[in-house]
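J.: Model the full structure from these sequences, guided by the hints.
Residue numbers (the working numbering), protein chains in the order written: chain V, 1 to 145; chain G, 146 to 287.
Hints were generated in silico from the structure; no laboratory data involved.
Every value quoted in this text rests on a predicted model; they were computed, and no experiment measured them.
Among the clues, some could well be false.
[As the list claims (entries may be wrong)] The list that follows gives simulated cross-link-like pairs (lysine to aspartate or glutamate, EDC-like), each with its CA atoms no further than 20 angstroms apart:
hint, chain 1, residue 1, chain 2, residue 2
1, V, 131, V, 15
2, V, 46, G, 254
3, V, 46, G, 190
4, V, 30, G, 241
5, V, 51, G, 190
6, G, 273, G, 190
7, V, 46, G, 261
8, V, 80, V, 57
9, V, 51, G, 152
10, G, 198, V, 45
11, G, 165, G, 217
12, G, 273, G, 254
13, G, 189, V, 15
14, G, 189, V, 8
15, G, 189, V, 45
16, V, 80, V, 8
17, G, 251, G, 190
18, G, 250, G, 153
19, V, 46, G, 241
20, G, 227, G, 190
21, G, 250, G, 181
22, V, 11, V, 127
23, G, 273, G, 263
24, V, 30, G, 190
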Amino acid sequence: MAEQTYYEDVKEGQELPEIKIAPDKQQLVKFAAGSGDFNPLHFDEKFPMLKAMGIPDNITHGRFKYAQVGRAVFAFAGYKGRVKRFGVSYRGMDFINQTITVKGVVTAKRQEGGENIVELDVWTENDEGKKTTPGTAVVALPSRG
Amino acid sequence: MGQVYFEDVNTGDEIPQLRKNCSTQQLVLWAAGSGDFYQIHYDKDFAQSTGLKGLIVHGALKNAFLGQLLHDWAGEAGSLRKFGCAYRGMDEPDQDIICRGVITKKYSEGGEHFIELDVWTEKPDGTKTSPGTALVTLPGRG
Chain V
1 MAEQTYYEDV
11 KEGQELPEIK
21 IAPDKQQLVK
31 FAAGSGDFNP
41 LHFDEKFPML
51 KAMGIPDNIT
61 HGRFKYAQVG
71 RAVFAFAGYK
81 GRVKRFGVSY
91 RGMDFINQTI
101 TVKGVVTAKR
111 QEGGENIVEL
121 DVWTENDEGK
131 KTTPGTAVVA
141 LPSRG
Chain G
146 MGQVYFEDVN
156 TGDEIPQLRK
166 NCSTQQLVLW
176 AAGSGDFYQI
186 HYDKDFAQST
196 GLKGLIVHGA
206 LKNAFLGQLL
216 HDWAGEAGSL
226 RKFGCAYRGM
236 DEPDQDIICR
246 GVITKKYSEG
256 GEHFIELDVW
266 TEKPDGTKTS
276 PGTALVTLPG
286 RG
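T.: Shown next, in the form of C-alpha cells:
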C-alpha cells in the first residue's frame, strides 16, 4: 500500500500516480457479474446494436471506468484520509482490450471547519489523450501537526 | 401443468421435451451465477485459441436444464431423488438444445412410487451431448 499523503505535502498542480488498465473480456464479464449490468454491448461482439450504432468493438462499462478512477482517488486519500465527494461523467467510449489511463491533479487546497480539504480533477484518458471519464473529487487529508 | 401420477406412466414412455437456446448473454449470466468464468463460454477468440470451433455452453447449465425437465415433469407432488449426467459432447450458443427423458423402470417400494429415467440433451442433428439417469418419485392415485 502506498504511503499516507499528508495535507502539508500536497501542492496545487500536483499529479496523482497514474493507473493503467486494459480490461479483457473476462474482466468485463466479471464486472457485469459484480455490477449486475449484463448489457451485451459489453461482452458480445455479435450483438446487433453494436453494428447498428457503428461501434467497432465491445465497450467498457462506464462504471468500470468510474471504479478505476475511484482506485486513484482512494489511494490518494489513504487510510487516514476521507473521500468526501467524488463523481465522474461518461463523455466518451473506451473499448475492450484498450488501455485506459487514470490521471488526476490537485486543483485546490484549503483548511475549512477544522478539515484539510484537497480538491482534485480526475479522469480517464484513452491512447489518443482524449478524456473519456472526467470528474472531480474532494478529499480530507490528515495533517502532520 | 397437471400433476402426473404413477399409474398413468409406463416403461418406454417419453416425458415432455424441453427446448432451450442459449444466447451469449445467458452464458454470461450463468457464469455470474455459477462462478465459472472460463473464457471458452463467452470469449470467441479465446475459445478458438484453445482449438475449439467457437463458444460452448457450460456443462453445468445443461445439467440444470435437465433438472428443469425433470422437475417440470414430476410436478408439485413428485420429487427428484437422484440425478446426474455426463458431459459427452459440446453445445453451442444460439443453437437448440433439446432436453429429453424416457422411463426405463417403474416400481413401488416402502410405500413410495419410483420411476427411473434415462435423460439427455440433444443437438438438432440428434447427437446426445449430456446423457444421464434420474430417479423420481410420483404420487399414486390411490
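J.: Please go over all the hints and tell whether each is borne out by the structure.
T.: Do the hints match the structure? See the list:
1. Pair hint residue 131 of chain V plus residue 15 of chain V holds up; C-alpha atoms about 16 angstroms apart against a cutoff of 20 angstroms.
2. Distance hint between residue 46 of chain V and residue 254 of chain G is unfulfilled; the C-alpha atoms sit about 53 angstroms from each other, more than 20 angstroms.
3. Between residue 46 of chain V and residue 190 of chain G the alpha-carbon distance is near 12 angstroms, which keeps this suggested pair within the 20 angstroms criterion.
4. For the hint linking residue 30 of chain V to residue 241 of chain G, the alpha-carbon distance of about 26 angstroms lies beyond 20 angstroms, and the restraint is violated.
5. For the proposed pair residue 51 of chain V and residue 190 of chain G, the alpha carbon gap of about 19 angstroms is at most 20 angstroms, so the pair holds.
6. With a C-alpha separation of about 26 angstroms, the suggested pairing of residue 273 of chain G with residue 190 of chain G is violated against the 20 angstroms cut-off.
7. Annotation: proposed proximity of residue 46 of chain V to residue 261 of chain G is violated, straight-line Cα distance about 42 angstroms (limit 20 angstroms).
8. About 41 angstroms separates the Cα atoms of residue 80 of chain V and residue 57 of chain V, which puts this hinted pair outside 20 angstroms; it is violated.
9. With a CA separation close to 55 angstroms, the supplied pair residue 51 of chain V and residue 152 of chain G exceeds the 20 angstroms bound.
10. Restraint check: the Cα-Cα separation between residue 198 of chain G and residue 45 of chain V comes to about 16 angstroms, which is no more than 20 angstroms; the hinted pair holds.
11. Between residue 165 of chain G and residue 217 of chain G the CA atoms are separated by roughly 14 angstroms; this keeps the pair inside 20 angstroms, and the hint holds.
12. The straight-line distance between the Cα atoms of residue 273 of chain G and residue 254 of chain G is roughly 32 angstroms, outside the 20 angstroms bound, and the hint therefore fails.
13. Proposed proximity of residue 189 of chain G and residue 15 of chain V is contradicted: the alpha carbons are some 39 angstroms apart, above 20 angstroms.
14. For the given pair, residue 189 of chain G sits about 52 angstroms from residue 8 of chain V by alpha-carbon distance, which is inconsistent with the 20 angstroms threshold.
15. Proximity of residue 189 of chain G to residue 45 of chain V is assessed by CA-CA distance (about 9 angstroms); at most 20 angstroms being required, the pair is judged to hold.
16. Among the hinted pairs, residue 80 of chain V with residue 8 of chain V is consistent with the structure: their alpha-carbon atoms are about 14 angstroms apart, no more than 20 angstroms.
17. For the proposed pair residue 251 of chain G and residue 190 of chain G, the alpha carbon gap of about 48 angstroms is over 20 angstroms, so the pair is violated.
18. Distance restraint check for residue 250 of chain G and residue 153 of chain G: the Cα-Cα separation of roughly 13 angstroms lies within the 20 angstroms cut-off, and the hinted pair is therefore satisfied.
19. Between residue 46 of chain V and residue 241 of chain G, the direct Cα distance comes to roughly 18 angstroms. Compliance with the 20 angstroms bound is thereby established for this hinted pair.
20. Note on residue 227 of chain G and residue 190 of chain G: the hinted pairing is violated, with a Cα-Cα distance of about 38 angstroms set against a maximum of 20 angstroms.
21. For the proposed pair residue 250 of chain G and residue 181 of chain G, the alpha carbon gap of about 35 angstroms is over 20 angstroms, so the pair is violated.
22. Among the hinted pairs, residue 11 of chain V with residue 127 of chain V is inconsistent with the structure: their alpha-carbon atoms are about 27 angstroms apart, more than 20 angstroms.
23. For the suggested pair residue 273 of chain G and residue 263 of chain G, the alpha carbons sit about 12 angstroms apart, so the restraint of at most 20 angstroms is met.
24. Proximity of residue 30 of chain V to residue 190 of chain G is assessed by CA-CA distance (about 17 angstroms); at most 20 angstroms being required, the pair is judged to hold.
Consistency with the previously given hints fails for numbers 2, 4, 6, 7, 8, 9, 12, 13, 14, 17, 20, 21, 22, ordered from lowest to highest.
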